[in-house]
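Protein chains in written order, with the numbering used here: chain D, 1 to 107; chain W, 1 to 393.
Hint data in this document are derived by calculation from the structure and do not stem from the laboratory. Any given hint could turn out to be false.
[What the hints assert, rightly or not] Just a sample of chain W residues kept apart from chain D, beta carbon distances all over 12 Å, derived:
1) ASN60
2) THR89
3) ASN92
4) GLU161
5) GLY250
6) VAL281
7) LYS308
8) GLU325
[Said to hold, decoys possible] Sample of chain D residues at the chain W side, in silico, Cβ under 7 Å:
9) LYS33
10) ALA57
11) HIS61
12) VAL73
13) PRO98
14) LYS99
Note that the Cβ used here is the ideal one computed from N, Cα and C, for glycine as well.
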Amino acid sequence: MRSKTFASAVAMLFVVAGVTPANAEIVITQKAKKFDKKRIEIKKGDSVKFINADSIAHNIHSRSRGNKFDLGVSKPGTSVSKVFDKNGKFKVRCAIHPKMKLTVKVN
Amino acid sequence: MGVPVCNKNKLSKFAITMVATASAFATFVSTTAISAEKKSREEWKKEYVRPSTIPFPTDNPYTAAKADLGRTLFFDPRLSGANYISCGTCHNPSFAWGDGLAKGIGHAMTRLGRRTPTILNLAWGEDLMWDGRFESLEQQALGPMSAAVEMNQNMKAIVAELEAIPEYRTLFNVSFPGKGITVDNIAKAIATFERTVVSGVAPFDRWIAGDENAISASAKRGFDLYNNKANCVACHSGWNFTDSSFHDIGLPDKDIGRGKIVPGVVVMQHAFKVPTLRNAVERAPYMHDGSLKNLYSVVEHYDNGFVKRPSTSNEIYKLNLTQSEKTDLVEFMKTLSSKDAPVALPRLPAYDQTVAGSLNVSPAAGPSADSGTPSVQKGSCNTFLMHYIPCSK
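Model the full assembly from the supplied sequences, consistent with the hints where possible.
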């Protein structure tokens, strides 16, 4: 009961302070020239972390209207992250390997 | 959400972290340790087993009648504006479905900007053409046909032209009951035929299947180099010896390739489709610009002959191959040739003999001479379907 009250107090404090709740980070792994998922649904403000677990370089980019971006080349063993701060459905691809396709739906 | 979620904040159940969403902080890069895979020869061999079936899309499934019709269309020069260029003119089965030229030649002897790619094994392809502009074989089939510098066919006229040939009416009605001759069905038939063009069993395949005498010791050493020191496998992977990827391999020409299709992505500048290595011996010269005359030259290019620029592929680096290693690599690639049986040309449907008429074509004339076809200057880009010539837009 005490912790519930404490939680409410903390939540109220943040609301008063205009602070938004923490956003989630979704992990996508690139392995064997594939994304480990073909489609994900996330919330606005969430980030997607792309981990290159392959032995070759990859790229992450999107040409979807309203959310075009290019995260450049990610070498083996590195990761890049992208915050999705717009609602919509976006196609994310590796420009180098066109068979790598991921749809990100942001609600 | 149905996806793994990493909660960054584990210090407190109620702790809340403010996440900056400004674009300047929207991306970041970190490094983690990933150990490189080391595989034995036997493990690598498992990755090169031939598939047992050809994939066909659900919206254009295989039928024998459709494949036969596509084969007839593929070799019929009447699909070009001046009626003298067929798909098979450039994709000549005697050259392993290429043309043996450094750069293709199109309508009115127009020299094209890139080498003619083979159509071998395109059933497994993705984003077709050197620059990947077409997502399907159905789209691709119409590209060269309608490009003014290639086959220069007026696509508004092609249906009527084929309708005037009685046997084509029959063949289309058999393959597409109730629909007959349409531009889409022309594309579907040609694409279906193209998917059946698969390289045959080569000495390499017999080795993979267990025949140790199928290839030489030098070729086996070449296979080991291919998958390790020479790093060819980074892109030319799997039974078809391509992963359909795009790379700038450091050829010193001005053609930016996929950079036109995917502007703004640095690594796509000067990037081109990784071609299959199947039957490569029969398909010289090499590269998108036809600048390398034989496979030894290709190996030397990758060893130390490339230019380094911001877009150069991460997989391209100095290899320090010895002369004998280069020879082994070439010997290995030679084992990929299946020496397929000669391809018989189809008998082409005859014109209607029951009605009077004349053909309004002039093979000696340039693109502007064909009725209804817009003129185009060499090297320009007034159609999105243009095949080889880099667009200036």
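Here's how the hints hold up against the structure:
1. ASN60: 19 Å, holds
2. THR89: Per Cβ check, W:THR89 is outside 12 Å of chain D; nearest 28 Å; holds.
3. ASN92: Correct as stated: the minimum Cβ-Cβ distance to chain D is 27 Å, above 12 Å.
4. GLU161: W:GLU161 clear of chain D: closest Cβ-Cβ about 35 Å, beyond 12 Å.
5. GLY250: The assertion about W:GLY250 holds, with a minimum of 15 Å to chain D.
6. VAL281: 27 Å, holds
7. LYS308: Check passes; 14 Å lies beyond 12 Å.
8. GLU325: 21 Å, holds
9. LYS33: 6 Å, holds
10. ALA57: Holds - the Cβ of D:ALA57 comes within 7 Å of chain W, reaching about 4 Å at its closest.
11. HIS61: With Cβ-Cβ at 5 Å, under 7 Å, it holds.
12. VAL73: Holds, because the Cβ-Cβ distance from D:VAL73 to chain W comes to roughly 5 Å (cut-off 7 Å).
13. PRO98: 4 Å, holds
14. LYS99: 5 Å, holds
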